[in-house]
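Chains as they are written, first to last, in the numbering used here: chain R, 1 to 792; chain C, 1001 to 1350.
By construction, these hints were calculated from the structure, which means they are not laboratory data. One or more hints might be untrue.
[As the list claims (entries may be wrong)] Estimated spans, in silico, between C-beta atoms of each pair:
| id | chain 1 | residue 1 | chain 2 | residue 2 | range |
| --- | --- | --- | --- | --- | --- |
| 1 | C | K1274 | R | L50 | 45 to 55 Å |
| 2 | C | K1274 | R | E459 | 37 to 47 Å |
| 3 | R | S747 | C | E1117 | 50 to 60 Å |
| 4 | R | L615 | C | E1088 | 39 to 49 Å |
Even glycine gets a Cβ: it sits at the ideal position worked out from N, Cα and C.
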Amino acid sequence: MAISMNWVRDYVNLEGVDLKELALKVTNAGVNVEKIISHNLNNLVVGKILKCSMHPDSDHLHVCIVDIKDEKRQIVCGASNVKENIKVIVSLPGAILPGGIEIKPSIIRGVESNGMICALSELGLEEETPENRAKGIFVLPDDAEVGSDAIKYLGLDDTIYELDLNPNRNSDCTNHIGFAYEVASVLGKKVTLPNIDYKTIKDSVKNHFSIEIKTSNCTMYNAKMVKNVVIKESPSFIKNRLIAAGMRPINNVVDISNYVMLEFGQPLHFFDKDKLGDKILVRMAGDNETITTLDKKERILTSDDIVITDGKIPVCIAGVMGGENTEIDGSTKNILIESAIFNPYNVRYTSLRLDLRSEASLRYERGLNYEYCNLAIERACYLLQKYANGEVLSDTIIYDNIDKKKKIATVSKDEVNRVLGLSMTNDDIKKSLDNLGFDYKCVKDKYTVEIPNRRLDVEAHKQDLIEEIGRLYGYDKIISKLPVIESTTGKYIGNVKYRKLVSKRLRSLGLNECRTYTLVSDEENNLFKYDRKNSIDLLRPMSSDKKVIRQTIIPSLLKVYEYNKARKVNDILLYEIANVYYDMDKEDTKVAVLMNGNYLNNNWQQIKVKVDFYLIKGILENLLNYLGFKNRYQFVEKIVDGIHPGISCVITIDKEEIGYMGKVHPNLVKDDVYVFEISMNKLINKKIKPIKFKELSKYPSVEKDLAFIVNDNVNSLEIIDTIKKSAGHILSNIDVFDLYKGENVPSGKKSIAYNLTFTDYNKTLNDDEVMKVFDKIIIDVEKKHSAVLRDK
Amino acid sequence: MDIEKKASEIKDNLSLEIKKVKNMNDLSDLKAKYLGKKGVITLLTSDMASLSIEMKKEVGRISNELKKEAISVISSIEQEIKEKELNEKLNSEKIDITLPSTKINVGSSNILEGLIEEIEELFISMGYDVVEGPEVEKDLYNFELLNLPKGHPARDAQDTFYTFEDSLLLRSQTSPVQIRTMLSNKEKTSLRVICPGKTYRRDDDDATHSHQFTQIEGLLVDKNVSLADLKGTFDIVAKKLFGSERETRFRPSFYPFTEPSVELDISCFNCGGKGCNICKGTGWITVGGAGIVHHNVLDNCGYDSNVWSGFAFGFGAERLAMLKYGITDIRTFYTNDLRIKEAFDRKEAE
Chain R
1 MAISMNWVRD YVNLEGVDLK ELALKVTNAG VNVEKIISHN LNNLVVGKIL KCSMHPDSDH
61 LHVCIVDIKD EKRQIVCGAS NVKENIKVIV SLPGAILPGG IEIKPSIIRG VESNGMICAL
121 SELGLEEETP ENRAKGIFVL PDDAEVGSDA IKYLGLDDTI YELDLNPNRN SDCTNHIGFA
181 YEVASVLGKK VTLPNIDYKT IKDSVKNHFS IEIKTSNCTM YNAKMVKNVV IKESPSFIKN
241 RLIAAGMRPI NNVVDISNYV MLEFGQPLHF FDKDKLGDKI LVRMAGDNET ITTLDKKERI
301 LTSDDIVITD GKIPVCIAGV MGGENTEIDG STKNILIESA IFNPYNVRYT SLRLDLRSEA
361 SLRYERGLNY EYCNLAIERA CYLLQKYANG EVLSDTIIYD NIDKKKKIAT VSKDEVNRVL
421 GLSMTNDDIK KSLDNLGFDY KCVKDKYTVE IPNRRLDVEA HKQDLIEEIG RLYGYDKIIS
481 KLPVIESTTG KYIGNVKYRK LVSKRLRSLG LNECRTYTLV SDEENNLFKY DRKNSIDLLR
541 PMSSDKKVIR QTIIPSLLKV YEYNKARKVN DILLYEIANV YYDMDKEDTK VAVLMNGNYL
601 NNNWQQIKVK VDFYLIKGIL ENLLNYLGFK NRYQFVEKIV DGIHPGISCV ITIDKEEIGY
661 MGKVHPNLVK DDVYVFEISM NKLINKKIKP IKFKELSKYP SVEKDLAFIV NDNVNSLEII
721 DTIKKSAGHI LSNIDVFDLY KGENVPSGKK SIAYNLTFTD YNKTLNDDEV MKVFDKIIID
781 VEKKHSAVLR DK
Chain C
1001 MDIEKKASEI KDNLSLEIKK VKNMNDLSDL KAKYLGKKGV ITLLTSDMAS LSIEMKKEVG
1061 RISNELKKEA ISVISSIEQE IKEKELNEKL NSEKIDITLP STKINVGSSN ILEGLIEEIE
1121 ELFISMGYDV VEGPEVEKDL YNFELLNLPK GHPARDAQDT FYTFEDSLLL RSQTSPVQIR
1181 TMLSNKEKTS LRVICPGKTY RRDDDDATHS HQFTQIEGLL VDKNVSLADL KGTFDIVAKK
1241 LFGSERETRF RPSFYPFTEP SVELDISCFN CGGKGCNICK GTGWITVGGA GIVHHNVLDN
1301 CGYDSNVWSG FAFGFGAERL AMLKYGITDI RTFYTNDLRI KEAFDRKEAE
């Protein structure tokens, strides 16, 4: 919102007030002045062209003699509209124009030029467009005094505050009177409302008009009539102020309706009375009823839209846009002014649906003050009489269904100080309330306050009053302290702690934590379909790549992998722990890992530990052991969507599947990329045994190696299970130390070698005992797996 | 031959030959030649049977002396050679210590997670619990109970991601976790929690906007809680994150769920308050929002607002991290470029 401070001066005396300091004060009281714009143009004077002749050496330049009161200057001008006896804006040598152009005496094609005759766009006072440039130099009205400050004459010596408003102040600080009240509060001054003193003619509007309101969504409707208006250009102060506030001047009548809106915040609508007829009926539109709006587009309405009709057909979409059928045009003579209040939700709904949001519709949406609704229509009549030669008819047609209950709240001095943490005195509180312009009674430290209607944002509650009192008094006076509260230990609640444990372990294993987006495309969400439930789609996605709430993190990690690969990162070790959602509102936390490249690496020594299935398996085992699941998990071969069918498995704990692991299918990535994804919630729900120390055996262990030749399709784990069963309790460890296929091993077979450790906790094992178990193992394995002992 | 002459001859030969010894092999050959079973010194006493007792004594004495002398000479040389050989070996083992190391992969935490954890630890030390809540949230918790009734502009469908179930949305703030915490505390006792988490709004992603972002919210509910308590708490956070010399300031603001509401400003850590690019010349930087919990919110959650009061605050984790580390593009947190991880894989000085 842009506020013209010249305009604000009409309502608050700002004499001697530094506008920069004021901006800071207003900001510190909670209304943010984001930017201060002042037109700081010096050395611009009003000049009169006394003589204008063609340049001897050009077909478009003119040589002018310009009177600037103290002297007569020769200036070369290229504009096509330059002529004798007009008053113009002259920038003298020393002036710096927007863009840093400095005006200096110069010779233009052999002719001396001592200044420049300016167009508004050259001064940054008008937008730099081809149309504006074609207008040429700006011709001043004849009453401009030669030699005087041209910027001041134009009323452009304004300071504009760009406000960045908190939403609660959108209802009052988006108009100049509302902002003037805020300025007055900060400065401790009073506001003077503008003049609405006009004369009426004998005729009453009631002789020409009747209204009927057939919907509760219109709570106030005022109408007045102004006859015989003359449509012309607005006076410059109106034009300048509209421009300052960011609106384009059009003609006096349209400009007055905007001017009053920017003044009181009340949007007005002007109908051409002669096109409208003698009746207004406000009602809800019928479904599929149509109206052609001012922008010449046909709009299809719904029963949630409020319309103004002439009794039969719509002439205006309430709060949104007028109809073409009753539009003010160059030949309009008689005007019907509407000043009304509609249900903000309907206006909001309609303007959003029709994509017709305007300065007016936004104001209706934020809610309006009925007092200003009444004042604004009077103010419009005043201005139309003064600047459009209008004749105002007596009386106002009024429909008023406003709840005028006063907003009254009470608050005590103690309550104020308790919430703000201050020690304000009654005088301090009274000063704040006085400055705010709130009426109050104070009895024994207790305040009964009436909140004015112009402050729609302040509700009748003590907390609202405390905030208003505090922000004006100043939060800088608060002295920090720490809350006095029963001391307890802080802790992580719920799954947070477990997630941190997993996260820290994975980091210590060399994996890098990622943070990717929850919203993904359908294509991504359809990858790695494992244990998939119903996905949650967005109602109105912003784009197809952020359409659905993901159920798997792996595709997002694949994108991170690709991003880094493209940037020549070789070893990509990633993890992410994130929530996934499905079946309306079900949540699970997934732990996903992606690994590619080398786990350990020293190029010049040719040391490389390349990531493969067994490495990522090691990472997962390490994590599960750390979380207390040692000897409780198993890796079970299973084909999973998106995973290489030969390098794919699921992980089970106590027979329950918790996730999958494998190499990403070469259809998806050419490189060797390994992944796993497990459900953290499934882990959390399992009971874990406490740590118990087991004494080490005091007696020496015996180690034995043995290798079998078995069919290729026999799993190592199956053999290990047999060995364990066969060996009984004295087998304390078993490890695979060799896997071999090739020479000396028949095709379709493999040799697999195990290192066994035998330990007895009660005595030293003797050879006979070990050999007895060892032989039994061999017989059992050979029998059960059609194995042959190698190198017997 | 005269034994003395023989001995002196052997001695001369030994002292000549020992100079030719280059290594341990030569030395052991020499040892064998003089002191072995068939060594020349040993042989001196081999045919003493024919000699008289006196002569035997004489030969024995001379050859013993010679033996002692030879052992002493040889062992001193042996020591020399051993030392020399060790030095040679050590020299041959010299490496170029400037060659690159074997890279030990240590994983890094995401920048945001790292910062969040720092803040969590700070608040845990002040007795706050860390709580999380669902990202797919009920409209009731995300808006309604937070004093954002239906039709409030902030819950416009343009700002919030709704799902096909119109009561469910991707939470636009972490405040619903506060609601859940207050509702679930059936005993209605005093509360201190912080709730970090992912949040979502309908923003197009660019350098300063992200449709997914991270909030860290805090809530304290007790009796007689004031803005001064909030300011003291904020002071601690500001100094911890941005340096002990930071000053803080409240600016009036507006949030539907707090009243009074304030903006949380810190004195600019770049210019110290003089005014610079980072603070846009104001000397202050806004890092979050806060306020006294709105009476409607307390009442909605079963805390009688006539008895209880509280403060709530919220920070944008991305904003804090961008300010703290000088990151200019918010997408940095979500691209996960591993090339930047080293910069953050370290402890920051306290």
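With 37 to 47 Å as the target window, see if K1274(C) and E459(R) comply at their CB atoms.
41 Å, holds
Discussion item. Within 39 to 49 Å: is that where the Cβ-Cβ distance between L615(R) and E1088(C) falls?
Written reply: Given range 39 to 49 Å: holds, Cβ gap about 42 Å.
| field | Range agreement (Cβ of E1117(C) with Cβ of S747(R), hint 50 to 60 Å) | value | 56 Å, holds
Requested in this report: Starting from the hint 45 to 55 Å, judge whether the C-beta atoms of K1274(C) and L50(R) obey it.
Outcome: With a Cβ separation near 53 Å, K1274(C) and L50(R) satisfy 45 to 55 Å, so the hint holds.
Hint check: no violations occur; every hint is consistent with the structure.
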